[in-house]
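Q: Position chains U and V relative to chain C; hints supplied.
Residue strings, one per chain:
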Amino acid sequence: MTHDQSFTNQKFKLVGSRVNRPDGVDKVTGRAKYGADAAAPGQLVALFLRSPHAHAKIKKLDTSRAEKLAGVKAVITSADLPDHTNGAQLDVLENCMARDRVLYDGHAVAAVAAIDRETAKKALKLIKVSYEKLPHVTDVDEAMKSDAPLVRENIFTRGVDPKPTKPSNICKVSTFGHGDIEAGFNEADVIIEKSFKTEQTHQGYIEPHACLASVGPDGNGELWVTTQGHYTYRTVCSALLGMDMAKLKVTSSEIGGGFGGKTHVWIEPIALALSRKANRPVKAVMTRDEVFKASGPTCSTSMDIKIGAKKDGTITAGSAHIRYQDGAFRGQWGQLGAMTAFACYDLKNVQSVGYDVLVNRPKVAAYRAPSAPMAAFGVESTVDLVAKAIGMDPVALRIKNAAKEGTRASYGPTYGPIGIGPTLEAAKNHPHMRAKLKKNQGRGMACGFWFNFGGQTCSDINISADGTVNLTLGTVDVGGSRASMSLICAEELGIPYDQVKANIADTSSLGHNDTTEGSRGTFSSGMATIFAAREAIEEMKERAAQTWDIPVEEVEWVEGEARAVGKKNDNLPPLTLKEIAGRAAATGGPIAGHNEVVADGAGVSFASHICDVEVDPETGGTKIIRYTVIQDAGKAINPDYVEGQFQGGAAQGIGWALNEEYIYGDDGRLQNAGFLDYRIPVCSDLPFIDTEILEIPNPNHPYGIRGVGETSIVPPLAAIGNAVSNAAGVRMTHVPMSPPRILKAIEEAAEA
Amino acid sequence: MTGTLVNTTVNGDAVQFACPTDESLLDSLRDRIGLTGVKEGCGTGDCGACSITLDGELVCSCLVLGVEANGREIGTVEGLADGDKLHPLQDQFINNAALQCGICTPGFLVAAKALLDKNNNPTEEEIRYALAGNLCRCTGYDKIVRAVQAASKDLRKKK
Amino acid sequence: MQVNLTGSLRSAVNGEEVVEIKADTIRELLSRLLETYPAMKDHMDTGIAVSIDGEIYRDSPSKKLPAGSEVFLLPRLQGG
Numbered sequence: 001m002t003h004d005q006s007f008t009n010q011k012f013k014l015v016g017s018r019v020n021r022p023d024g025v026d027k028v029t030g031r032a033k034y035g036a037d038a039a040a041p042g043q044l045v046a047l048f049l050r051s052p053h054a055h056a057k058i059k060k061l062d063t064s065r066a067e068k069l070a071g072v073k074a075v076i077t078s079a080d081l082p083d084h085t086n087g088a089q090l091d092v093l094e095n096c097m098a099r100d101r102v103l104y105d106g107h108a109v110a111a112v113a114a115i116d117r118e119t120a121k122k123a124l125k126l127i128k129v130s131y132e133k134l135p136h137v138t139d140v141d142e143a144m145k146s147d148a149p150l151v152r153e154n155i156f157t158r159g160v161d162p163k164p165t166k167p168s169n170i171c172k173v174s175t176f177g178h179g180d181i182e183a184g185f186n187e188a189d190v191i192i193e194k195s196f197k198t199e200q201t202h203q204g205y206i207e208p209h210a211c212l213a214s215v216g217p218d219g220n221g222e223l224w225v226t227t228q229g230h231y232t233y234r235t236v237c238s239a240l241l242g243m244d245m246a247k248l249k250v251t252s253s254e255i256g257g258g259f260g261g262k263t264h265v266w267i268e269p270i271a272l273a274l275s276r277k278a279n280r281p282v283k284a285v286m287t288r289d290e291v292f293k294a295s296g297p298t299c300s301t302s303m304d305i306k307i308g309a310k311k312d313g314t315i316t317a318g319s320a321h322i323r324y325q326d327g328a329f330r331g332q333w334g335q336l337g338a339m340t341a342f343a344c345y346d347l348k349n350v351q352s353v354g355y356d357v358l359v360n361r362p363k364v365a366a367y368r369a370p371s372a373p374m375a376a377f378g379v380e381s382t383v384d385l386v387a388k389a390i391g392m393d394p395v396a397l398r399i400k401n402a403a404k405e406g407t408r409a410s411y412g413p414t415y416g417p418i419g420i421g422p423t424l425e426a427a428k429n430h431p432h433m434r435a436k437l438k439k440n441q442g443r444g445m446a447c448g449f450w451f452n453f454g455g456q457t458c459s460d461i462n463i464s465a466d467g468t469v470n471l472t473l474g475t476v477d478v479g480g481s482r483a484s485m486s487l488i489c490a491e492e493l494g495i496p497y498d499q500v501k502a503n504i505a506d507t508s509s510l511g512h513n514d515t516t517e518g519s520r521g522t523f524s525s526g527m528a529t530i531f532a533a534r535e536a537i538e539e540m541k542e543r544a545a546q547t548w549d550i551p552v553e554e555v556e557w558v559e560g561e562a563r564a565v566g567k568k569n570d571n572l573p574p575l576t577l578k579e580i581a582g583r584a585a586a587t588g589g590p591i592a593g594h595n596e597v598v599a600d601g602a603g604v605s606f607a608s609h610i611c612d613v614e615v616d617p618e619t620g621g622t623k624i625i626r627y628t629v630i631q632d633a634g635k636a637i638n639p640d641y642v643e644g645q646f647q648g649g650a651a652q653g654i655g656w657a658l659n660e661e662y663i664y665g666d667d668g669r670l671q672n673a674g675f676l677d678y679r680i681p682v683c684s685d686l687p688f689i690d691t692e693i694l695e696i697p698n699p700n701h702p703y704g705i706r707g708v709g710e711t712s713i714v715p716p717l718a719a720i721g722n723a724v725s726n727a728a729g730v731r732m733t734h735v736p737m738s739p740p741r742i743l744k745a746i747e748e749a750a751e752a
Numbered sequence: 001m002t003g004t005l006v007n008t009t010v011n012g013d014a015v016q017f018a019c020p021t022d023e024s025l026l027d028s029l030r031d032r033i034g035l036t037g038v039k040e041g042c043g044t045g046d047c048g049a050c051s052i053t054l055d056g057e058l059v060c061s062c063l064v065l066g067v068e069a070n071g072r073e074i075g076t077v078e079g080l081a082d083g084d085k086l087h088p089l090q091d092q093f094i095n096n097a098a099l100q101c102g103i104c105t106p107g108f109l110v111a112a113k114a115l116l117d118k119n120n121n122p123t124e125e126e127i128r129y130a131l132a133g134n135l136c137r138c139t140g141y142d143k144i145v146r147a148v149q150a151a152s153k154d155l156r157k158k159k
Numbered sequence: 001m002q003v004n005l006t007g008s009l010r011s012a013v014n015g016e017e018v019v020e021i022k023a024d025t026i027r028e029l030l031s032r033l034l035e036t037y038p039a040m041k042d043h044m045d046t047g048i049a050v051s052i053d054g055e056i057y058r059d060s061p062s063k064k065l066p067a068g069s070e071v072f073l074l075p076r077l078q079g080g
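Chains as they are written, first to last, in the UniProt record's numbering: chain C, 1 to 752; chain U, 1 to 159; chain V, 1 to 80.
Excised from the complex, chain C in its bound form (with noise of 0.2 Å):
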């Protein structure tokens, strides 16, 4: 059955409230079991032998006497594992373990199995590596110059004509935009030009990765993991390994926080391989030095920003340049930089440029609306900087510019309905902008896009002979989607919330689900949970009809009972969903809904952050003192976990913004690779965070959701880069905005 994706404007009974999630107990107990939680009888223990160089070529890789360590039961090197040379499957498998080179500093060479981890320590000492040192680069810019050491030997630039001969750190230059921007230039009253760089921050999920894989010489396989998403695992570490795809049982932990880093496989596909040779369950867990090394960090940034205004606030046009390093293999980061870069904006002359860059660092993941917050740093304190200039107010003049319905967005396609015109009314009216400022206090605010996506889902509904309900999901739940997915079912079944038991499936239980990335888990499950109860009730429909012997046109679902209609039918008492599912033997056996869909549709999203910060003269130290997150959640089903959506993202921004950056030594050494160094957030370090939800229904989701997981990252670095330089008079341009960055800024102010 085909059923239609369309917003129908449903009056809810359920969705919208504010319920407790179904696996609250067991995570306030102890009890819920994450990637490194499992155990199996005679597991191994796997460690991992890493590169301390930036760039090297591996001249001798002997694994001899390590092999020959009591309690060794495998060691891999790339020498045991598929050749994948030409193969789409290539870098993956490198990045997993070095080849010829290693490319960053934590670039995996061997790994071990052992009985137990001091013999696993052992044995990579025995492991002996001769390295030859290569030249190495670490900074996007240098890496762009013509005589930087090159990362690769085999990257000639994509999108630039005519086709390079010579290869290059740069992988590919995206152009997007329209109108003429030098004829924009030329109306503009005001030009404003900034270069702005960030550094690169990580996800900083509290949970390394980890996992218990366990392979038999038959070709079954298992992976406990804690993973974004398992089908992906399935599917990139069966075709790294050779396996059959239905043989390898991925199971998905409970996941400690991804961000993007848990979409891409790591240390997994090793641990299976292990695994196979030793014929043991293997469990690897990454120590928090591996997670900062060699998992998948976010770009750094360098930029060039160009916006001229009229002085009525008209933008004229708008130009952007930037350039983000993958770290050492081939990303799309810089492009999707430039794409999202001018997004809020209706703009008649745009272009944004980008660049992806290799560097020896480790290879760029997904980290939450990403490559999004870094352009918007630079667009958004340019905006502001516009505002300055020519003495309007910055909400007005984005309120001025914003993007609405018609719009062509600086990436291509015109927009549908949107929310980052409401989102700015309802940032300009809150009673946060009226707020009194004492001294050396100063308010920012910047607004924020994101795609959002939705791709392959599919649900399965079982109804219990006891009118229970088994949800059976493929998504992982990451912040709570357990809850709002059986709110979902509840609300169309018309049962209590509490009858439905959700359940995340494994790979061999329900058919290929995406990733939850892209903010799309509620989006696409919500839609696949509420075509799978839409099935079920036609199916209940049909038994009702059978109880009956009446014809199925003449029963409708209502309040979560069948009810037949029509005078005639008048003496038939209504048949609840539990009297029905108590009578399924009789009526035709187990009732089921299923659906399968590709949720395509999923609607961009707009969010505006307002923030008030104290500048310390003394130190350059910055406190957050009001903080406000105002985004378009098209439906919030469960509002909670909306809300908490908005302030988990807003201080990964205000971390972002303030402290957290990878540091490089000359040697291209990461030296600041733990949590003491590389400083997140804490409890005192943050006011409570206000949020207000809008809900501007996405017209292609039946309930008008639209995902609302990533956009609160976008606009922090920006509104703190304004609320900083409206508090200490200095416009900082690169993040993190560190108390040694600031002071030096208000020095320099002052100087001049």
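Rather than coming from a laboratory, the hints here were simulated on the basis of the structure. There is no bait here: all hints are sound.
EDC-like cross-link-like pairs, simulated, lysine to aspartate or glutamate; straight-line CA separation at most 16 Å: (1) Lys133/C with Asp100/C; (2) Lys158/U with Asp82/U; (3) Lys33/C with Glu78/U; (4) Lys121/C with Asp22/U; (5) Lys159/U with Asp117/U; (6) Lys121/C with Glu290/C; (7) Lys153/U with Glu126/U; (8) Lys33/C with Asp31/U; (9) Lys122/C with Asp22/U; (10) Lys163/C with Asp42/V; (11) Lys133/C with Asp667/C; (12) Lys404/C with Glu55/V; (13) Lys623/C with Glu125/U; (14) Lys310/C with Glu193/C; (15) Lys63/V with Asp4/C; (16) Lys85/U with Asp26/C; (17) Lys197/C with Asp304/C; (18) Lys306/C with Glu182/C; (19) Lys13/C with Glu559/C; (20) Lys59/C with Glu132/C; (21) Lys404/C with Asp53/V.
A: Only chains U and V this time, still in chain C's reference frame:
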């Protein structure tokens, strides 16, 4: 493995285990006693996910050796509830949506209980500083602080 | 129909911003595009999305392209 025998009390029960002398109490609790509610986020005392009480004092179990637990009393998240009755902190963490991924939750609960045991009516600032050794990456701490405030109210009402 | 190209995709169609392709569905559009511009293969391997009247489709090859609709070819995006 050469092990040392450790006699200790965990959540009120006498427990015995053997471990190498360089093993952290965190590893002993997780791998030898099976208390996997104690989480490892960093192994260096920076994240608080492995928070426990040792003779009533809040510590990171990754910074304590297993052998140091000999003759002492350990409290973990698994010991917070009284039979089938959740501790008010546990109830309020659920009611206030104070957890998203939940990996930091056991550590927060143990740390918050250590605070409320000493001070049953903490200010927002006292809560924020008492929990500053526990990292949460999902929530921005907003709902965690509210949950602790609500639980402290519940505990005062009970008395 | 007119198909708009963005970003690095343009280099695969000789730098054109708009190309004319006859197609009723996304599937037809992509296969005809590949016939006419073999350089599109690289981009299709790394992933492509199609925007129809502002809605972005990543995995809906059967999606119809209504006459007169605005069609954009975009890189396939990743999220967190």
